[in-house]
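J.: Okay, here's what each chain looks like letter by letter:
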Amino acid sequence: MGDSSNDNENPLDIDGSNFNSEMYLECLLKCATLRQVMDKEAEVVTQSQFLQSEMQTLVYENYNKFISATETVRKMRSDFQIMQEEMNKLSENINNITTFSAKISDNLKESGNNVNRLCSTRQLLDKLQFVFLLPTQLNKAIQENRYVDAVQDYTHAQRVLQKYGNQPSFQSIQSECLEIICDLKKTLRERLLTPDTSASELAESVGLLRQLQETDSSLQDIFLTSAENRLDQHLKNLSSIVDSADILEWVEKCNNTLLADLGIIISCYHDLFEDKEMVNLPEFADKIMTQVFQLFEENVKRPENIGTEILIRGLDKFFRKLQAMSEIISSEPISNKALDVVIQSIKHKATLQYETIQSQFKENLMRVRQSLASKGTESADLKDILNSLQIHLMQKIQASLLDLMAFLQNKLSFGLKSWCGKAVADACWTVISETLINLSEMVKTMASLQTSNNISFELLLILAKLCLEMHENGVTTLHNHLIKLMEESAPGFAIDKRDTNSVMVHLSTAAQTALDSEVVFIGQTAAQMLRVSVLARDWLRAPEPRGPRAVCRRVVETLASADSAASQLFPTSVKPSSDSSRRTIWSRAPSSFSPINRIFSERIEVFSPAGADRAALSNGALKVALKALVECVRLRTFSRHGLQQLQVDVHFLQQRLSCMGNDERLLNALLEDALASAQIRCIDPQLMEASIVDIICERG
Amino acid sequence: MEEGNSIIYGLEHQTRALSPQYGESDAIRFLIGTQSLKPNTNQVHVVELEEDTGALHTKVFKHDIGEIWHLRCSPHDAATLMTTHNAYDPDTCQCTMGVSIFKLPTTEVIPKDLDDLSAIQGRNAEDMELLKTITPEKPEEEIRCAEWHPTDSNRIGIVLDNYVSIRDVNTGSQVTSVAPEGRARLKFTGGKWSPQGHCQFAVLQDTHIKCFDTRTDCVKSSWHIDNAHRQLARDIDFNPNRQFHLASAGDDAALNIWDYRNSKEPIFSRTDHSHWVWTVRYNTYHEQLLLTGSSDARALLTAAASICDLDDEGKRLSQVLEDGVLQSYEQHEDSVYCAEWSAEPWTFASLSYDARLVLSRVPRHFKYKILL
Chain A
1 MGDSSNDNEN
11 PLDIDGSNFN
21 SEMYLECLLK
31 CATLRQVMDK
41 EAEVVTQSQF
51 LQSEMQTLVY
61 ENYNKFISAT
71 ETVRKMRSDF
81 QIMQEEMNKL
91 SENINNITTF
101 SAKISDNLKE
111 SGNNVNRLCS
121 TRQLLDKLQF
131 VFLLPTQLNK
141 AIQENRYVDA
151 VQDYTHAQRV
161 LQKYGNQPSF
171 QSIQSECLEI
181 ICDLKKTLRE
191 RLLTPDTSAS
201 ELAESVGLLR
211 QLQETDSSLQ
221 DIFLTSAENR
231 LDQHLKNLSS
241 IVDSADILEW
251 VEKCNNTLLA
261 DLGIIISCYH
271 DLFEDKEMVN
281 LPEFADKIMT
291 QVFQLFEENV
301 KRPENIGTEI
311 LIRGLDKFFR
321 KLQAMSEIIS
331 SEPISNKALD
341 VVIQSIKHKA
351 TLQYETIQSQ
361 FKENLMRVRQ
371 SLASKGTESA
381 DLKDILNSLQ
391 IHLMQKIQAS
401 LLDLMAFLQN
411 KLSFGLKSWC
421 GKAVADACWT
431 VISETLINLS
441 EMVKTMASLQ
451 TSNNISFELL
461 LILAKLCLEM
471 HENGVTTLHN
481 HLIKLMEESA
491 PGFAIDKRDT
501 NSVMVHLSTA
511 AQTALDSEVV
521 FIGQTAAQML
531 RVSVLARDWL
541 RAPEPRGPRA
551 VCRRVVETLA
561 SADSAASQLF
571 PTSVKPSSDS
581 SRRTIWSRAP
591 SSFSPINRIF
601 SERIEVFSPA
611 GADRAALSNG
621 ALKVALKALV
631 ECVRLRTFSR
641 HGLQQLQVDV
651 HFLQQRLSCM
661 GNDERLLNAL
671 LEDALASAQI
681 RCIDPQLMEA
691 SIVDIICERG
Chain B
1 MEEGNSIIYG
11 LEHQTRALSP
21 QYGESDAIRF
31 LIGTQSLKPN
41 TNQVHVVELE
51 EDTGALHTKV
61 FKHDIGEIWH
71 LRCSPHDAAT
81 LMTTHNAYDP
91 DTCQCTMGVS
101 IFKLPTTEVI
111 PKDLDDLSAI
121 QGRNAEDMEL
131 LKTITPEKPE
141 EEIRCAEWHP
151 TDSNRIGIVL
161 DNYVSIRDVN
171 TGSQVTSVAP
181 EGRARLKFTG
191 GKWSPQGHCQ
201 FAVLQDTHIK
211 CFDTRTDCVK
221 SSWHIDNAHR
231 QLARDIDFNP
241 NRQFHLASAG
251 DDAALNIWDY
261 RNSKEPIFSR
271 TDHSHWVWTV
281 RYNTYHEQLL
291 LTGSSDARAL
301 LTAAASICDL
311 DDEGKRLSQV
321 LEDGVLQSYE
331 QHEDSVYCAE
341 WSAEPWTFAS
351 LSYDARLVLS
361 RVPRHFKYKI
371 LL
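Line order of the protein sequences matches chains A and B.
Note that the UniProt record's numbering has the first sequence beginning at 1, numbered continuously upward.
Note that the UniProt record's numbering has the second sequence beginning at 1, numbered continuously upward.
No lab work stands behind these hints: they were computed from the structure.
Predicted model, so just to flag it, every value in this text is computed and none were measured.
Worth double-checking, as some hints may not be accurate.
[Said to hold, decoys possible] Listed below are several chain A residues computed to face chain B (Cβ distance under 10 Å; list not exhaustive):
hint, residue
1, Met529
2, Arg531
3, Leu540
4, Phe607
5, Ser608
6, Lys627
Idealized CB from N, CA, C, for every residue including glycine.
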């Protein structure tokens, strides 16, 4: 287009439509040389000639065409006339056809109506036949167990039957059908009640029954009873393997059979009955689940399930399934019960733990007793025994706490729940407190049996110290350990502070009992020796003393061995211990027996609570032994030599025992009392010179 | 004697023999025997508390036959008493023990006129009439105690080291003897007639209690409580009202009450003393009250109400007192070897080795609780 516009604008283009010959010429004349103009002229002439000839050719050609067209038109005109005639004939024929066809349709109308009537009669007859055949059809279907078809057929026919049921011919059919359907219902119900129908069959039967317009409540009852039958079967199976399968196996089986079926039953129930109020279901489910839980608990208690790992895995599986179930059932008691099962298992585990710890501790103790018995008093390293007992006990407790923490693993379905955390914390504390309380009780029983059952005093000392150690450090350590473990296993779980006091009270009373028992045991042993020696001797005919009697040495030895044993475990504190008993007996000059002296001194409590301290323990034993000496001396009568013998004995005891205990006044008072009593009971009360007594004691 | 205040009476010599005077139900009268090895120094003191005035009256009698280890007034005659005594014979260098029966010239202690009063204030020891002295078969045998037969005034039971000798008072001859078979090495520490059996004599042998029927051959015990105490058993007393019940005390500092038909476990047990318990006594009228004396220098009044409030079918009647120590009497400063109820139901005496007699009363509020 640009070109053409150029062409248009260019008046100099010889082929363009705007060609301006004058301008062209002017331009040519202006720009070109003569020669060029000459050439141009020649060129234009040739071109004009060529164009002229070409135009002539074209004109000829067009002319020829025009002539042939004229001829064709002439031909066509003649042909059209023929066509017109034929068209007229056609329209005539068409008119004839129309009239004929109208005639024919008039004729056919009657017969068509007849056919229609026949057709509808035929349909009705078909239906009637269906109705008449219905009983047999139903029977057949029922015989072939095609209950679904039977019910479908019946529901189809039912409307007709209801509509025409009052006509006599239908009445018989209807009653027959009703009978059959009654039978069907009965069979269906029976099928429901037979235990070996599967859960889906069950659902199907119930669906059919519902289509047959059974009332819901009775159906529900039937459904539930039959379901219960089935579940009972499962329960029986499960309970039969409770004693033989391990927990994983059992839970697997339970999940796959009973709980799966229960799930199907419950969802079917929902589908079928759309029971919004859920009247029966929770009760039913509870009934079943209670039994399941019972079985589960039985299974958990089997000895094979002692391993924590296996228990936890089984529990986890079970709990998962239960949670899923409880969503279906949406029953509060069951989900609560599921939690309860876990909590119970944790508790059960804890019980096992502390029972194990206790029995192990008892075994250890038995070994200690044997080793003490075999070694004799000399070489036993009590501290060592105490340490091993204590460490063993602490380790066992800590190990069992750690074991219980396994219940808090993340991967478990109940792992990080706060209730689970609480249960584990509770269980752990139970392990700690029960173990320690058991320990206390055991120590108390052992301590109170001391005479009949020969528990050595070393063991009593060890146990007392153990209780004290646990009281002072153990409880707190374990408590802190528990808090730490809980923080690690269940971060963010707020753990309650535990009441450590009651445990501590148990431990401290046990320690006190053991110490008292030890003191009395040692004291009585020495007292017995002194008593027998004083009562059996004829003090009236005693020879002149040559040295302390052998029994004094034995008494000293007994007290010393207890003292050294106590020193291993109960080192004397730097400051003088405050003995729980009151101070010294009335000390007085042996020569004067005047009640006046007693007024100014305090009473001695002989059997009094012993302090947890070497000196206090020794004081306690000394009191028991020497008070017995005083009392026995008062039952005898002494000659002069007898009195002097006793003087030597008392002096010897004073020398040897003064290093024990820390209350020399107590020792002296008791010994002086013994000597004073002997003087009173002497027919010729003359004491020896103190220096001579010294020499005799040295020599002896 | 006001509430909580006890009356103290001191003697010159050591004492370990005390007896209430029986037969005179209205008088609070106790007899004390002294224990001194010095010849001709021993005495029997008769102490009477005049209830109206609260005054204490005493009479002293000579007991030159030896030191008194044990003293019992006769339940049949208020003026008759029996002592177990010991004397040293310098010639043989030996102690001899014996049992003597005396008769007091009068049971009256409270002076009637000024002469009486001055005589008593002079504390001149009077003489008693010696009725009979019984000695053991072998002179060196030790006698623990001698007990009057509860109903037969001619019978006494003497407990020796390892047998019990039943004697006739008038002739002094042995009627029968009780010696258990075997275990002869375990010595007797004491004994008592059973008030119900009349012929049954219970002895303390080491830690055991054994009762023998004196009518039989006396070899096998008719009942026994083995290991009644963990240490030596020191004393027993029978429940005066309730058959089969008895209280025992011992060196384990315990007071136990037993139904001897079932001797495995005591039906009541308390350890309130802090040393050996030497004596235990039921209150004659109120069986829930028990008195104990111990070498911790205390006398304790203990209630054992829980086992006494049961009626015959074992049903519990209303319990008026809490079990346990009602009151501790701390006026003694040496071992209390004797404690006795008086014939009057609410007064008792305790006697310590340092010759101190303490007369005390059951606190009034306990008394009212029991009575009302």
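J.: Run every hint past the structure and note whether it holds.
T.: Hint check results:
Interface restraint check: Met529 (chain A) against chain B, minimum CB-CB distance 14 Å, threshold 10 Å, status violated. Given hint, Arg531 (chain A) at the interface with chain B, holds; its Cβ is 8 Å from that chain's nearest Cβ, closer than 10 Å. Given the 10 Å rule on beta carbons, the hint for Leu540 (chain A) holds: about 6 Å separates it from the nearest Cβ of chain B. Hint status for Phe607 (chain A) relative to chain B: holds, with the closest Cβ pair at about 5 Å, below 10 Å.
For Ser608 (chain A), the interface hint holds, the least distance from its beta-carbon to any beta-carbon of chain B being 6 Å, beneath 10 Å. Because the beta carbon of Lys627 (chain A) sits about 6 Å from the nearest beta carbon in chain B, less than 10 Å, this interface hint is met.
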